[in-house]
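Colleague: Residue strings, one per chain:
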Amino acid sequence: MTATTLSAADLTTGRGSLAQFLNDVWVLTKRSIARIRREPETLSEVTIQPVMFVLMFAYVFGGAIAIPGGGNYHEYLIGGMLGMGLAQTAPGTAVAVVSDMSTGLIDRFRSLPMSRAAVLTARTIADLLTQMIGAAVVAGVGLAIGWRVHTGPADVFEAFALALLFGYAFTWAGVCLGMVLRSPEAAQQTGFIIFLPLTFISSAFVPIQGMLGWLQPIAEWNPMSSLAAACRQLFGNPNPAALVDAWPAQHAELAVVCWSLAMLAVFAPLAVHLYRNKGR
Amino acid sequence: MSETPAIEAEGLVKHYGKTKALDGLDLTVGQRTVYGLLGPNGAGKTTAVRVLATLLRPDGGRARVDGHDVVAEAAVVRRIIGLTGQYAALDEYLTGRSNLVMIGRLSRLTTQAATRRADELLERFGLAEAATRAVKTYSGGMRRRLDLAASLIGHPSVLFLDEPTTGLDPTARALMWDIVRELVADGTTLLLTTQYLDEADQLADRIAVIDGGKVIAEGTPTELKVSVGGQRVLLTLAEAGDTAVAVKALQPFAAGSIVPNGSVSEHGSRLLEVPVIATDGLATEVLRALDAAGVGVSDIAVRSASLDDVFLTLTGRAAEAADEDDDKAELAEEAAV
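Respectively, the protein sequence lines represent chains A and B.
Taken in order, the first sequence gives residues 1 to 280; the numbers are from the working numbering.
Taken in order, the second sequence gives residues 1 to 337; the numbers are from the working numbering.
Okay, chain B solo, but in the shape it has when bound (with noise of 0.2 Å):
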């Protein structure tokens, strides 16, 4: 572990007016690992990853990327990154090539590497054939991939993908997924913001959740699943006035707080959702339980822990109710950027 981490952040904090969109964020993500920063819109991915891609000063706080200063050695650390953002950042009027051409002259590259590379990363990422069309004439996949293409062209050792897939259709997400799989082999490190769970726990090798601009929760998909109890049980009570009872009998199972599903009757939900560590015969014991308690059941289900579970868990919000909340501080962010 003596190895210098890809990245580290310690404590930053960046302020919009009166919005906190860092709040004292600590990341620490090793050499060539993939870490997904989840979190809802607003919550500071954004923020994060413009500090980290010296973009943006912070307020407070330090961070490094290969052991240099994002503020101090902020031209170092350009020779080493590179930054796909959610908006393609591309010349429209140019040729998908001449934009790849170009963005290798600044990163430093000759004219002849610049148009090697460009030729090789085109190939690879399915845009030989539109390589001389003007980039206003692509799709949207295509635009996305040009531009994870324009990242690449300095071989940067460290790669901030803010949102890559926000916006794209299934099959275009699913090319973006592979082609962060075969850099991730390559062994490049990438830094991942995703309000998609899924898409954090397909790509990321540990997750940092992260809302009102600090960690909430970090470590792997694993890990954090586990931390909310790996499996739940979901019931549907006969009689939706045990519900107490059942919750009663039910709390030696849980692993966290048990949630009524579904529409609430005044006498209370028949669904109720349990958190649950992975047990054997863990349904025959909490049907042993209710029955033993009088409280009869419609029906019984187990299933895994998902991130939405984590992320509800933690914040007490769904991800999607978390948007609307963050809204404003999305706003402010966007506001002074």
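One chain only, chain A, in its complex shape (with noise of 0.2 Å):
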């Protein structure tokens, strides 16, 4: 029934690896960008969530946080909501990775003549997109409710690219985590679970400072408190935490760059090796 044979030209089998690895990931790039076109609603959690949050923060908290050494509390907010705004694509990633899984889409994956890890590979790029378009959204309504950067371009660049680096190594722990849960019902309550104190026991939202003497440490060493201080620093906003005797807060960009590069050793590999191995 075949009407036309296969030749040679046809066939993209003479590339090498990594020529196969980059057009896989292109491939389920655009599926990605593609699911969001038709379902432009699936963005809400990077457009409208983190809008809803800055206003909340802005003007039903803001007022009774009192800022260490001075500030405006709309200035200090946006650094914290820029971390906030990327990590909160990871129960998403969860999702989206435990969807594929159970309508075995992945087997189908698996049982295709393509590289093992572009799987993947590509769900985090499509979230490392909407993480941008997040930023973008965290930043606009910053602006609009009076936050200013106070230093040149080069800090926001380093500020953004430090945010979206931290973003993308939180998105192979949702890959993870979407490999070992059973039903995307599982992967958005276990994000939410895993989420919520990873954002509130930081300096995101309000000053370590204020919190019980026994949460301060923890509060200190969490990596959205360092993805905070240092994002507050670069931009010039008011950045509680440079009062903090403790390393991560005295060297807040290079915690954020160590967080990064530990949690991509650690999930990247991990991810890969589950999907190598799942259901074996």
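Take every hint as true, because none was put in to throw you off.
As a list, the in silico DSS-like pairs of lysine-lysine whose alpha-carbon atoms are at most 30 Å apart:
id: 1; chain 1: A; residue 1: K278; chain 2: A; residue 2: K30
id: 2; chain 1: B; residue 1: K136; chain 2: A; residue 2: K30
id: 3; chain 1: B; residue 1: K18; chain 2: A; residue 2: K278
id: 4; chain 1: B; residue 1: K136; chain 2: A; residue 2: K278
Covered stretches of chain B, as calculated for chain A (at least 3 residues, CB under 8 Å):
id: 5; segment: 53-60
id: 6; segment: 68-81
id: 7; segment: 93-104
id: 8; segment: 110-118
If you are wondering where the hints come from, they were derived from the structure by calculation, not from laboratory data.
Note that beta-carbon positions come from the ideal geometry of N, C-alpha and C, so glycine has one too.
With the hints as a guide, bring the two chains together.
Modeller: If you want it as structure tokens, here you go:
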């Protein structure tokens, strides 16, 4: 029943394995982008949610939060919101991975002569793209409520680059979560349970100085605190973490890089391992 | 027969916890044939397909596709095979055409070749009009056809179809059968799993009946039916109390165990089913023998053995009853996947 037969020109098998990997990642990333185009509401977690959070914290809680060392809470908030906006895409990553698993689509991918690592890499790249949208939304709503940058373009670029590096590393944690859970609902719930304390027991919304004594070291070493402090520093916003005598608070930028690389080093190989051995 | 078999499995074993999904499965499937794996839920059919399609690593035994080991040469095997599982493995949000092009590109086709092949398959499977619609708007039958098209896009020489018609209505099922027959005419080797006996009978050149993770019978559909005695004589006795005498009188004709059929009263059933080898004048001979033994007969009928009979004879269970027995194994299998 084959009307056409294949000639060598129809195949990409002659290419090297890196070219194949990039081809597969590109094909699958396009798939995720097509999905966003068809269902733009899937972007609500990086569009509507951050706007709601910024407005609620700025106008509901903001007035009650004093910043050690002084400063405007609206300016303080955005450095923390950036991290939250990115980290909260991780449950969405987990949900997408579980969904593909449960429909059998991943089984099909695993039976194809394609790169093993491409499926997960494409997932994380698509999520990095949505995180970029999220970062832009946070910055936009920040500007609207009075957040300003007091430094140069290089510092601003560095702040966003750090935030996206951290967000990308976090995405791999989301992939691992999706590989070990069984249903999209479980992924959503578990992601929420992990993500909420992570963002709230940090300096993302409130200064660490006001927290319970035993909670403070946890918040100081929380990577979200480091990211918030690094962004505030780079934007020239109020940064009370500078007054905290803890290594991650004093070396916020380096801490973000270390945390991100450590998460990538653990979760990316783990995700690929789980993928290879799924159902084995 | 020096040709390399399309599929060879030797003593495949796969455990899921304490459940043995495969317990020494042996298979040999010749090139360009349709091979049916027949068995109830939980018999190990899906596990066997997943091992052969490189998705599962067996705990024991070896398997080769076109001579290539499914574990050591998995990457080579993946270039040869196509797989259609029990659930349509498609992206719900993409159009039918985008799904096929995507799978084509991932099957190492160039964009041009993948697009051309996608359009050709959409046309052939009657999906051309739905090609630009999202898959989530498709009916069950359309999904299955698209799923089958997706597994064909890379021109596989060996195709695995895991229960391709489960859950389809009769029209959609008939359409799938037509497509499968076309594939066979094209020279593709096909391994088909099914729990429908008539499906295996209709489509397969050879059948392996599997139960408890191993092959319990193998052959052409005709050979399997003959092995349980080609034909069946169905008798309704005048008196239920004559059952024992009738069974004794019929023993010389029987090619297998004689089973009471229908409801059994305290005197035994009035209905008897006797597997027999087909011979001329069989019904007359049977009636004579029963008359000589003094057994009155209300009704007699002769019919050809079905694969249902094969299954019942081999496993001692009807195919449907076996389903329930093996639900636990099926659950264990699902839980581990």
